[in-house]
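K.L.:
Spelled out from the first residue to the last, the chains are:
There are 2 protein chains.
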Amino acid sequence: MKVGDQEYQTIWFDNGHPEKVSIIDQRYLPFDFKIEDLTSLKDTYTAIKEMHVRGAPVIGACAAWGLYLAAIDPTNYNEMDEALTNAANFLKSARPTAVNLEHAVDNSLKEIVKGCSREEKIQIAREFAQDYCVAEIKSCQKIGQFGLSLIEEIAKQKAGEPVNILTHCNAGWLACIDYGTALAPVYSAFYKGIDVHVWVSETRPRNQGTRLTAWELKQAGVPYTLIVDNTAGHLMQNGMVDVCLVGSDRTTAHGDVANKIGTYLKALAANDNQVPFYVAMPSSSIDFSIKDGRKEIPIEERDQREIHHIEGQLEDWVVELRLSPDGAKAANYSFDITPSRLITKLITERGICDASEDGIKGLFPEKF
Amino acid sequence: MKVGDQEYQTIWFDNGHPEKVSIIDQRYLPFDFKIEDLTSLKDTYTAIKEMHVRGAPVIGACAAWGLYLAAIDPTNYNEMDEALTNAANFLKSARPTAVNLEHAVDNSLKEIVKGCSREEKIQIAREFAQDYCVAEIKSCQKIGQFGLSLIEEIAKQKAGEPVNILTHCNAGWLACIDYGTALAPVYSAFYKGIDVHVWVSETRPRNQGTRLTAWELKQAGVPYTLIVDNTAGHLMQNGMVDVCLVGSDRTTAHGDVANKIGTYLKALAANDNQVPFYVAMPSSSIDFSIKDGRKEIPIEERDQREIHHIEGQLEDWVVELRLSPDGAKAANYSFDITPSRLITKLITERGICDASEDGIKGLFPEKF
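Sequences listed follow chains A and B, in order. FYI, in my numbering the residues of the first sequence are 87 to 454. FYI, in my numbering the residues of the second sequence are 87 to 454.
A hint or two may mislead.
No copy labels: a pair is met if it fits in one copy or bridges any two.
Stated by the list, open to error - As a list, the in silico SDA-like pairs of lysine to any residue whose alpha-carbon atoms are at most 20 Å apart:
id, residue 1, residue 2
1, K415, G307
2, K178, F374
3, K415, L400
4, K447, P425
5, K415, D281
6, K381, N359
7, K88, K304
8, K377, Q323
9, K178, T132
10, K415, Q305
11, K228, F450
12, K415, M326
13, K200, E188
14, K381, Q360
15, K196, F374
Calculated from the structure, these hints are not laboratory results. In this text, all values refer to a predicted model and were calculated from it rather than measured experimentally.
So here's chain A without its partners, still in its complex pose:
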């Protein structure tokens, strides 16, 4: 997608500089646009853990590149398979909820160990990461096309009025390599000339809605309005939302969805007001090995500092403020589980299906 006049992806590799991988360091948006070069396993681990990149698909890509950077590290020259197995476990420990991380790392490692020489292993690791990114981009494009049909359907009923789409957190191109998951259909509709308007929910504590989704939509020129997370129910109660579109960090084989904390509350409001609630994700976010989201998906707990403090712009500086009284304690759960019963449909790269075992099996039979 474009930033100003230039096309960007969230993570990229330049064959002319095989010693590094570059990312948009999302911690600085929307106040500053900064590129970071990652040159080691540790760099990729930190980028994932400290959320220089975030969003399930780009976390997976960053981890795949992390294994490549571990492979080219000369200190891993001896016992390379053991070193890369350790590297894989290290990367997987960065964040627990998004299954893409685990998938990318495990699948890459499985291929790497087949390599007969150091050079071959490096080549496999690089090609895996490159192919992974290409595949994820294609999946997001497909999600955009399938999701577009749903927005077109609503646009017909609205007869010229804008289609009001509510999203949570950031499931746009910044969360992916390009295009986005939940926002891919929005961009497809917008570029096709459909009148869309996005309700962007702030997404405390890290404000990915305010900071990232608003910035993305602003770059693309898509009309949007910011709301605090509390406001979603009121809007739906008053017919101001036509459809909810969110992403997923891990979806079970039965269609339960782990996504940014607060998603479940929005799904409840959608259900209470007969607003369709769609979850868009590439199959790399589906964990076919588990069924029950609440029992089986680990929910990350992050530092309570993210609740006590907030970052923003003070005149020309970006600073952090303390919000709460001294000594206050906070609990910072990063995700919640939306049970499949509250989800209208899933949107994947293979099409749209029910959030159920049968629905998912219909699109991905080989996984069952």
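Place chain B on chain A using the hints.
P.N.:
Relative to chain A, chain B alone:
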């Protein structure tokens, strides 16, 4: 309630200084504790509109004192009834949702016009405001006693484990003259030695949870944990909340509740997880003249600046940061409606009742 070693109410009048009314200016909490003297109708209007005081009961009290300050104003000497009628309308325009404001002003004015002289009108206005405050304090004490029985019941079942109470916004003593509505039962339980723990939801955009409820509970020594508004569903899904207790800005005769934006989402989550959801309010917050909350309660829309900016402490200063990209648009609805079907019971100064016409009529037959 105590602030440090000293007893405070949120608003008070000193017979020795009949030219002023004093309030705790809540805009500075928790960073600073400031007293403001109000000496005119305009001061009370500003205090309500700009939220130097907030919370339905204290808004009502402040408005009653506003009429008193209008009554003693020498420029209202002639055509006093007309001036005070204008003052009443002016006060009622400060904020639309809390019905206490309307009730207090209308009832005070009704009495004032009966006065035969300026002195008598001033006396009536003063006595009305004083009596109003005394009655509200008594109501809150009663709510505390009735609500205590509900917490005691849960405490029995928890057999020594803390009772986990989730609240939203601030419905503590800062929202009232003293004691609180939703927090009155919590204080009663705590002072009786029951092991309680409060989940304090931040309450964006103005963070009354973080800034006021956390501060109140800290002063009183009640254990609490801050969460962002998004987290309530996750906690309830995982058995971490035993009861929800919130206040109300206006409750219809059929039991629909207008309260701080986001209350409805919490009620949905409580309902989905069989967590009891109680709303505590004095009858001054019940609007017996209306039935349907969604159709009949006006929802205040406040300045979008409250969403784009946030206030907090930077080292020793309190400053305001910009959170969103330049040019972003925001919608700032202050309240939402929780339909009576999602409310387990109402807690009032006359007891506990169903959130229904029959329930409310049972406690307040004279109002029907």
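K.L.:
A separate judgement is required for each hint: does it hold in the structure or not?
P.N.:
Structure-based check of each hint:
1. K415 / G307: Between. Shortest inter-copy distance 13 Å satisfies the 20 Å Cα cut-off; intra-copy 40 Å does not.
2. K178 / F374: Answer is within; shortest intra-copy Cα gap is 18 Å, inter-copy 58 Å.
3. K415 / L400: between (26 Å within a copy, 19 Å between copies)
4. K447 / P425: Within. Shortest intra-copy distance 18 Å satisfies the 20 Å Cα cut-off; inter-copy 38 Å does not.
5. K415 / D281: between (44 Å within a copy, 17 Å between copies)
6. K381 / N359: Cα proximity of K381 and N359: across copies only (15 Å, versus 28 Å in one copy).
7. K88 / K304: within (11 Å within a copy, 48 Å between copies)
8. K377 / Q323: Between. Shortest inter-copy distance 17 Å satisfies the 20 Å Cα cut-off; intra-copy 32 Å does not.
9. K178 / T132: Answer is within: at 12 Å inside a copy they meet the 20 Å cutoff, but 54 Å across does not.
10. K415 / Q305: Between copies only: 14 Å across chains, 37 Å inside a chain, cut-off 20 Å.
11. K228 / F450: within (15 Å within a copy, 60 Å between copies)
12. K415 / M326: Result: close only across copies, 16 Å inter versus 36 Å intra.
13. K200 / E188: within (19 Å within a copy, 77 Å between copies)
14. K381 / Q360: Answer is between; shortest inter-copy Cα gap is 18 Å, intra-copy 27 Å.
15. K196 / F374: Result: close within a single copy only, 18 Å intra versus 69 Å inter.
Consistency with the previously given hints is maintained throughout, with no hint failing.
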